[in-house]
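Asker: Sequence:
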Amino acid sequence: MRAFEASGRALADADRNVLELAPADHSKPVGRPHVEPAQLSKELIQLADGIAVDLHQRAGEGPWYSYETVETAWQILKGYLLPAMIGRELADVAALETLFAPIRGHHMAKACLEMAFTAALAERARKPLAKFLGGVRDRVETGVSIGIQATTDELLEHIAARLAEGYRRIKVKIEPGWDVQAIGAIRERYPEITLMADANSAYDLDDAAHLAQLDPFRLLMLEQPLAAGDLVDHAALQQQLRTPICLDESIESARDARQALQLGACQVINIKPGRVGGFAESRRIHDIAANGGVPVWCGGMLETGIGRACNVALATLPNFRLPGDISASDRYWAEDIVDPPFVLQKGGTIAVPTRWGLGVRVKVELVDRLTVRREMVR
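Quick note, the sequence shown lines up with residues 1491 to 1868 if you use this note's numbering.
A couple of the hints might just be wrong.
[Said to hold, decoys possible] Computed list of lysine-lysine pairs in DSBU-like fashion (alpha-carbon distance at most 30 Å, straight line):
| no. | residue 1 | residue 2 |
| --- | --- | --- |
| 1 | Lys1853 | Lys1836 |
| 2 | Lys1836 | Lys1621 |
| 3 | Lys1621 | Lys1853 |
| 4 | Lys1836 | Lys1617 |
| 5 | Lys1836 | Lys1568 |
| 6 | Lys1568 | Lys1853 |
These are calculated hints, taken from the structure and not from any lab test.
Given these sequences and hints, build the entire structure.
Answerer: Pasting the structure below:
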């Protein structure tokens, strides 16, 4: 049963819609606030003939970053999204968004299909994904994120290693008890590096005076200091800080971005395409921010090379004016599932793929070897 055409062939087919769950036992342990180092789990959606994207998820397969988990996404994809596509001809992304609109939320599940469809459309148009999206760069600036460490010395060692690798921006996680002193130690050792802090909603508005102690350290931004989803308190906090606030989990849609700018809740926006439902909504957020004079950057969610290719393409849009969390493949993966892997280039950049479509080849044999669950959707 035909679904829709892309790249000159059926992208989704009743006999070939497959869900594959691949454990990332080829991953490297990563430390970050509130989560112990753990293996990562990625849900890989394969839509015929090697067109695939991975579903961005956090460690532990639990609802730590959002309500979506590997299991919820599996059920939404299997029970609602993929069946809705079967038998339909979809001319463009707008048609796919309309099809998915009655299903509330579940942005990550929707994003993996929307982004696969977009990549397939790019291939059909004989364009690299970045150019298809309207990108203007052949390289993207990249930064790196460093989790909370046991000691300040260990933190400084990690930073030294990442700087030696060539990363141009350092992001460090902070939380109460690991903030002003840690940032101060970094600034004392590295007074001129581009430095930012990510609080992962670890504070509340009563901590405003404490967070103001970060102002002298000239941070590029303070990311998501208050509760996920909040705009009002962030606006009040921004009035009390010189450090620009960046919103991450509070921005799940273009509407959120518009309201955040109207309230003065942030001066920077982190766009993660999985968090907002795909490329189309990412572009709308990008445009709203650009019109408001607010820069954006592309966040990372420990993607495999498939998701990383999508992030790199998105980050070529003109208002992505700050280095993103788009690190090299070997930052998190002993072996990536795409060829070629993403590598850090001279000057702390990553090259934008120039092949049509996604721009990289999925290592189907590696994915097959790692797959632990497979289910046909008819």
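Asker: Is the straight-line distance between the alpha-carbon of Lys1836 and that of Lys1621 30 Å or less?
Answerer: holds (23 Å)
Asker: Are the Cα atoms of Lys1836 and Lys1568 separated by 30 Å or less?
Answerer: At roughly 43 Å apart (the allowed maximum being 30 Å), Lys1568 and Lys1836 break the hint.
Asker: Are the Cα positions of Lys1568 and Lys1853 separated by 30 Å at most?
Answerer: holds (24 Å)
Asker: Holds or violated: are the alpha carbons of Lys1836 and Lys1617 at most 30 Å from each other?
Answerer: With Cα atoms ~26 Å apart, Lys1836 and Lys1617 stay inside 30 Å; holds.
Asker: Would you mind confirming whether the straight-line C-alpha gap from Lys1621 to Lys1853 stays at or under 30 Å?
Answerer: holds (24 Å)
Asker: For the pair we were handed, Lys1853 and Lys1836, check the Cα-Cα distance against 30 Å.
Answerer: holds (26 Å)
Hint 5 alone, counting from the list given before, is not met by this structure.
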